[in-house]
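Colleague: In case you want the letters, here they are:
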Amino acid sequence: LIKTHLDLFEKIYYDNYKLIFNVVKKMVPNDEDAADIVQDVFINLYQKLEKGSTVEYPRSWLYKVTVNKCIDFGKKHQRHEKIESASALKYDEAPIEINEKQAVVRLALSRLKNSESVLAILYGEGLSYKEISEITGIKFASVGKTLSRTLIKLENELRKLHYEMY
Amino acid sequence: MKCIDEALLQKYIDGECSGKENSDIENHFSNCPECKFRYAEKLKISMEMKQALSSLNSGNVVIPKFKIPTKHSGKTRKLFIISLPAACIMLFALFLSKNKTEFTQEELIVVESIPWEIDANLPASEQDFVIEVFDEKGSRSEYILE
Numbered sequence: 001l002i003k004t005h006l007d008l009f010e011k012i013y014y015d016n017y018k019l020i021f022n023v024v025k026k027m028v029p030n031d032e033d034a035a036d037i038v039q040d041v042f043i044n045l046y047q048k049l050e051k052g053s054t055v056e057y058p059r060s061w062l063y064k065v066t067v068n069k070c071i072d073f074g075k076k077h078q079r080h081e082k083i084e085s086a087s088a089l090k091y092d093e094a095p096i097e098i099n100e101k102q103a104v105v106r107l108a109l110s111r112l113k114n115s116e117s118v119l120a121i122l123y124g125e126g127l128s129y130k131e132i133s134e135i136t137g138i139k140f141a142s143v144g145k146t147l148s149r150t151l152i153k154l155e156n157e158l159r160k161l162h163y164e165m166y
Numbered sequence: 001m002k003c004i005d006e007a008l009l010q011k012y013i014d015g016e017c018s019g020k021e022n023s024d025i026e027n028h029f030s031n032c033p034e035c036k037f038r039y040a041e042k043l044k045i046s047m048e049m050k051q052a053l054s055s056l057n058s059g060n061v062v063i064p065k066f067k068i069p070t071k072h073s074g075k076t077r078k079l080f081i082i083s084l085p086a087a088c089i090m091l092f093a094l095f096l097s098k099n100k101t102e103f104t105q106e107e108l109i110v111v112e113s114i115p116w117e118i119d120a121n122l123p124a125s126e127q128d129f130v131i132e133v134f135d136e137k138g139s140r141s142e143y144i145l146e
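For the protein sequence lines, the chains are Z and W, in the order given. For the first sequence, the working numbering begins at 1 and goes up steadily by one. For the second sequence, the working numbering begins at 1 and goes up steadily by one.
In case anyone wonders, no lab produced these hints; they're calculated from the structure. There may be inaccurate statements among the hints.
[Claimed, not checked] Which chain W residues stay away from chain Z? Per the calculated CB distances, all over 10 Å, these:
#1 M49
#2 S83
#3 M90
#4 V110
#5 V111
[Said to hold, decoys possible] In silico lysine to any residue, SDA-like type, Cα no more than 20 Å apart, as pairs:
#6 Z:K130 - W:C32
#7 W:K44 - W:C32
#8 W:K65 - Z:D7
#9 W:K65 - Z:Y46
#10 W:K44 - Z:E125
#11 Z:K160 - W:L56
#12 W:K42 - Z:Y46
#13 Z:K64 - Z:N99
#14 Z:K18 - W:C32
#15 W:K65 - Z:I12
#16 W:K137 - W:E107
[As the list claims (entries may be wrong)] Sample of chain Z residues facing chain W (criterion: CB under 8 Å; computed from the structure):
#17 G52
#18 N114
#19 G124
In this text, a Cβ means the ideal position worked out from N, Cα and C, and glycines have one as well.
Construct all of the structure, not just a fragment, from the sequences and the given hints.
Modeller: See the structure below:
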């Protein structure tokens with residue numbers, strides 16, 4: 001029994017690691033912090049499976065836990081983040097042009113409410129409305145409306161930032 | 001059909017409409033250039049935002065090997081953190097007590113008792129001062145100031 005749980009876990013881990021990492025990276029720019037959060041998410045899953053609980057939709061479950069952990073992290077490091085976003089350009093190892101573009105997107109996301117940026121990120125991952133509704137708790141029937149507004153808001157913020165910068 | 005609202009347009013773009021909704025919308029587009037224009041605008045925003053978000057993806061994510069959490073790793077560590085200073089204190093106490101058995105007196109304990117009044121105007125030699133000294137074996141010697 002233990003072995004099957006472990007096999008199941010390993011499959012979920014290798015199938016979803018990149019996916020989850022990229023979601024975290026959108027909310028937590030630092031690679032090390034992001035990796036820590038992802039590890040934490042999977043430890044939660046491991047412990048759940050170890051106890052013998054079943055996870056019906058592992059991917060949705062992972063997204064849900066990930067999103068919550070990222071929001072918690074954001075709250076803890078809020079003061080931090082504000083300073084970093086101003087100097088976000090020095091942050092990653094990638095070439096400057098890519099970095100600058102990423103920094104702008106991150107800044108635009110940070111200007112939205114938490115729930116809105118989460119929605120936008122999940123949409124960007126190509127999730128269905130049903131999955132989005134399960135993860136965020138937005139009513140299935142309202143996903144289209146909320147999404148439409150959020151995307152317009154994000155686009156506005158991006159445009160404003162482009163205007164400010166160039 | 002009346003004009004298509006924002007939510008339905010978004011659903012249409014994201015492929016979340018039913019077959020009937022899809023055909024209704026497409027029919028409406030053929031009669032309503034305004035809605036078709038709104039659709040094109042919304043589609044553009046949706047695509048651009050998806051693209052902007054995916055620009056944050058790291059191309060080369062290395063999957064680390066999962067470290068299986070050991071059940072008591074946290075507890076044993078805590079225990080170690082507590083027991084280490086405790087052991088140090090005990091060792092120190094042992095060291096002290098061992099020293100005590102080979103104790104040699106290095107300091108002088110002075111107990112004063114003055115049972116009469118002193119005339120502070122007289123020199124010390126004219127006062128009746130007696131100094132009693134007890135050594136470690138308890139024998140007493142007396143010294144009289146002259």
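Colleague: Now tell me, hint by hint, if it's right for this structure.
Modeller: Now the hints, each set against the structure:
no., hint, result
1, M49, "5 Å, violated"
2, S83, "26 Å, holds"
3, M90, "36 Å, holds"
4, V110, "61 Å, holds"
5, V111, "63 Å, holds"
6, Z:K130 - W:C32, "30 Å, violated"
7, W:K44 - W:C32, "19 Å, holds"
8, W:K65 - Z:D7, "14 Å, holds"
9, W:K65 - Z:Y46, "14 Å, holds"
10, W:K44 - Z:E125, "17 Å, holds"
11, Z:K160 - W:L56, "19 Å, holds"
12, W:K42 - Z:Y46, "41 Å, violated"
13, Z:K64 - Z:N99, "28 Å, violated"
14, Z:K18 - W:C32, "43 Å, violated"
15, W:K65 - Z:I12, "13 Å, holds"
16, W:K137 - W:E107, "15 Å, holds"
17, G52, "15 Å, violated"
18, N114, "16 Å, violated"
19, G124, "3 Å, holds"
The structure fails to meet hints 1, 6, 12, 13, 14, 17 and 18 from the earlier list, while all remaining hints are met.
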